[in-house]
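Kindly produce the complete structure, drawing on both the sequences and the hints.
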Amino acid sequence: MTLTEARPVKAEPPVHKPSTRKRLVPYWLLVPGILWLLVFFALPLVYQASTSLQTGSLEAGFKVTWHFRTYLDAFGEYWPQFVRSLLYAGTATILCLLLGYPLAYLIAFKAGRWRNLVLVLVIAPFFTSFLIRTLAWKTILADGGPVVDVLNTLHILDLTDFLGWTEGSRLLATPLAVVCGLTYNFLPFMILPLYTSLERIDGKLHEAAGDLYASPATTFRKVTFPLSMPGVVSGTLLTFIPAAGDYVNAELLGSTDTKMVGSVIQSQFLRVLDYPTAAALSFILMAIVLVMVTVYMRKSGTEDLV
Amino acid sequence: MTQKTEGGDVRLAGISKTYGAFTAVHPLDLTVPQGSFFALLGASGCGKTTTLRMIAGLEDPSTGTVSLGSTDVTHLPPYKRPVNTVFQSYALFPHLDISENVAFGLRRRGIKSVQKQVDEMLELVQLGQFAHRKPHQLSGGQQQRVAVARALINHPQVLLLDEPLGALDLKLRRQMQLELKRIQTEVGITFVHVTHDQEEAMTMADQVAVMNGGRVEQLGAPADLYENPRTTFVANFLGTSNLIQAEIAATASDVTTVTCGDVKLKLPAGRCRAQTSPGDRILIGVRPEKVSIAHADDDATVPDSRNRLTGRIVASSFIGVSTQFIVDSPSCADFEVYVQNVERDARLTPGTEVVLHWNPEHTFGLDADQAIDAGVQSVEDAS
Numbered sequence: 001m002t003l004t005e006a007r008p009v010k011a012e013p014p015v016h017k018p019s020t021r022k023r024l025v026p027y028w029l030l031v032p033g034i035l036w037l038l039v040f041f042a043l044p045l046v047y048q049a050s051t052s053l054q055t056g057s058l059e060a061g062f063k064v065t066w067h068f069r070t071y072l073d074a075f076g077e078y079w080p081q082f083v084r085s086l087l088y089a090g091t092a093t094i095l096c097l098l099l100g101y102p103l104a105y106l107i108a109f110k111a112g113r114w115r116n117l118v119l120v121l122v123i124a125p126f127f128t129s130f131l132i133r134t135l136a137w138k139t140i141l142a143d144g145g146p147v148v149d150v151l152n153t154l155h156i157l158d159l160t161d162f163l164g165w166t167e168g169s170r171l172l173a174t175p176l177a178v179v180c181g182l183t184y185n186f187l188p189f190m191i192l193p194l195y196t197s198l199e200r201i202d203g204k205l206h207e208a209a210g211d212l213y214a215s216p217a218t219t220f221r222k223v224t225f226p227l228s229m230p231g232v233v234s235g236t237l238l239t240f241i242p243a244a245g246d247y248v249n250a251e252l253l254g255s256t257d258t259k260m261v262g263s264v265i266q267s268q269f270l271r272v273l274d275y276p277t278a279a280a281l282s283f284i285l286m287a288i289v290l291v292m293v294t295v296y297m298r299k300s301g302t303e304d305l306v
Numbered sequence: 307m308t309q310k311t312e313g314g315d316v317r318l319a320g321i322s323k324t325y326g327a328f329t330a331v332h333p334l335d336l337t338v339p340q341g342s343f344f345a346l347l348g349a350s351g352c353g354k355t356t357t358l359r360m361i362a363g364l365e366d367p368s369t370g371t372v373s374l375g376s377t378d379v380t381h382l383p384p385y386k387r388p389v390n391t392v393f394q395s396y397a398l399f400p401h402l403d404i405s406e407n408v409a410f411g412l413r414r415r416g417i418k419s420v421q422k423q424v425d426e427m428l429e430l431v432q433l434g435q436f437a438h439r440k441p442h443q444l445s446g447g448q449q450q451r452v453a454v455a456r457a458l459i460n461h462p463q464v465l466l467l468d469e470p471l472g473a474l475d476l477k478l479r480r481q482m483q484l485e486l487k488r489i490q491t492e493v494g495i496t497f498v499h500v501t502h503d504q505e506e507a508m509t510m511a512d513q514v515a516v517m518n519g520g521r522v523e524q525l526g527a528p529a530d531l532y533e534n535p536r537t538t539f540v541a542n543f544l545g546t547s548n549l550i551q552a553e554i555a556a557t558a559s560d561v562t563t564v565t566c567g568d569v570k571l572k573l574p575a576g577r578c579r580a581q582t583s584p585g586d587r588i589l590i591g592v593r594p595e596k597v598s599i600a601h602a603d604d605d606a607t608v609p610d611s612r613n614r615l616t617g618r619i620v621a622s623s624f625i626g627v628s629t630q631f632i633v634d635s636p637s638c639a640d641f642e643v644y645v646q647n648v649e650r651d652a653r654l655t656p657g658t659e660v661v662l663h664w665n666p667e668h669t670f671g672l673d674a675d676q677a678i679d680a681g682v683q684s685v686e687d688a689s
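In order, the protein sequence lines correspond to chains C and Z. Last residue of the first sequence: 306 (the numbering used here), numbering continuous. Last residue of the second sequence: 689 (the numbering used here), numbering continuous.
Straight-line distance between alpha carbons at most 27 Å, and here's what the computed DSSO-like set of lysine-lysine pairs gives: (1) C:Lys204 - C:Lys110; (2) Z:Lys440 - C:Lys299; (3) C:Lys222 - Z:Lys418.
These are calculated hints, taken from the structure and not from any lab test.
Here is the structure:
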């Protein structure tokens, strides 16, 4: 603003000033975003980091004592929940990919004039709250409900019981229900990035591959799928990361045996009121996810594409 | 997949393509001799690309058959045809480097050691040093050559080129025309080339099929098409023709005489593509470069044996090797004349009365029952 005021006084180099101002514009535009992240992301993170290193009790107050033991104790006690979280989130991510890819492919290449309608249907579940939808699943999967009846009649639940996915011929409060809930809730986050990267593929490339002796299956394997990798990577990340930290599905559709680390963190914070342990658990989860994502992105070799 | 010496011609028999009520290609018979450079020439929407895509297998013909040599390939999917295509937009695989793009066809056919062939092919198109670049790092002309190499490495029976030079600028296009011609001569594979550029077709092809409205108007060697157009479309689309409406006055065994107003013109009977009994209407044509132009004062120097018209110069443009005149004559409003700049007559300026004259041998006759301006390229067509 001061530059504008200074202009009438110093009329000598009128060419330079607009250019420096122009150069600064992008940085000014970044300021609100950076402030937002500073206040709502960076500061809480620092605050949580300090909480995780505190000791004390609610009555006596907490003090930073650089007590790194909390991390070891927390992981030692809750590692099964960590393993379960990663297992459930991983399974749900794979299921999302298997369900979402054909759908995204269909929308991108075959839907024609129905494309926009189908896309709206994909995001339609977001019009109701996450919680309400998960509660609805509780009704759908309830004992004596139609789904359980059909699966029982077909003896499918006997099979899943045998595999350890369900227990006692019921769906609710089993690992299967939690994974199904996670899959359902995060499916749109898989479909949308997949669709975006599939839709960008030039149809002529399919023709070119066919022309160069690739059967439709080979065309998919060698051309379509590699070109959709950016979508696969961002879709799996957008599904896996929130799913690993999710606790709503485990709480509503699972039992104490299917507790994920998110539920533990939630109860440590809100019920047990052991803030250091809760904070330490959060950081451990963050570290594990960060390492896994880094390895995954290295492996898929798409750093430059995401 | 290697070249078969016995009868590798491409044969289209009664092939047609309709989309609902629209007919893109009317039933069409065409034979492309093995080893020839064949051009399908026409304005956009004339069905030439659809015809090409039917040979490639990318489009199912509504009727008719496509044969390669003695094999009927009409119902074979593209990946089972010994045919490769160079696409208009090149369609290079963006995730593969140049060397892998070129190797794609070989790998799909299960050939393990491709490196030597890929290197040779990149050498042929002079891109050896770019083997490990990605397509987007190459210029348009280089991408175009990769597309050619990627198709040619498979030694297809036929190479199909869909406006391969359309995206290049004029100078590069000229260069690539010669390059493609050189490659074709070197490898001896049949090339079927789709283009809307008549100059490109004439420079490169041994045989040209001129297409219009889903039909082949005329088929022949470039010089033959140019000298003996059979329709007004061909006469106007390939180069420029001066067409004059006339009436047949007399027919002899070798010379036909026509009248246009009070002017008498002669043409060889063998070059009449129309009814030739006295009284019939006819369109006669002559190419602009065949015509000489003389100042009206020199009228007496024009030999009587020549066809002659009088008129007035409307415009002249000097383009280096030649000067182009547009002459308004009672028989033809925009008569074009191209004169080589050997000895320029300074008196020939716009407004001057002139005599146009040419050897009757250079006159051709066309059926008068067709639009006189068919195939004339308007400004927006020319690209």
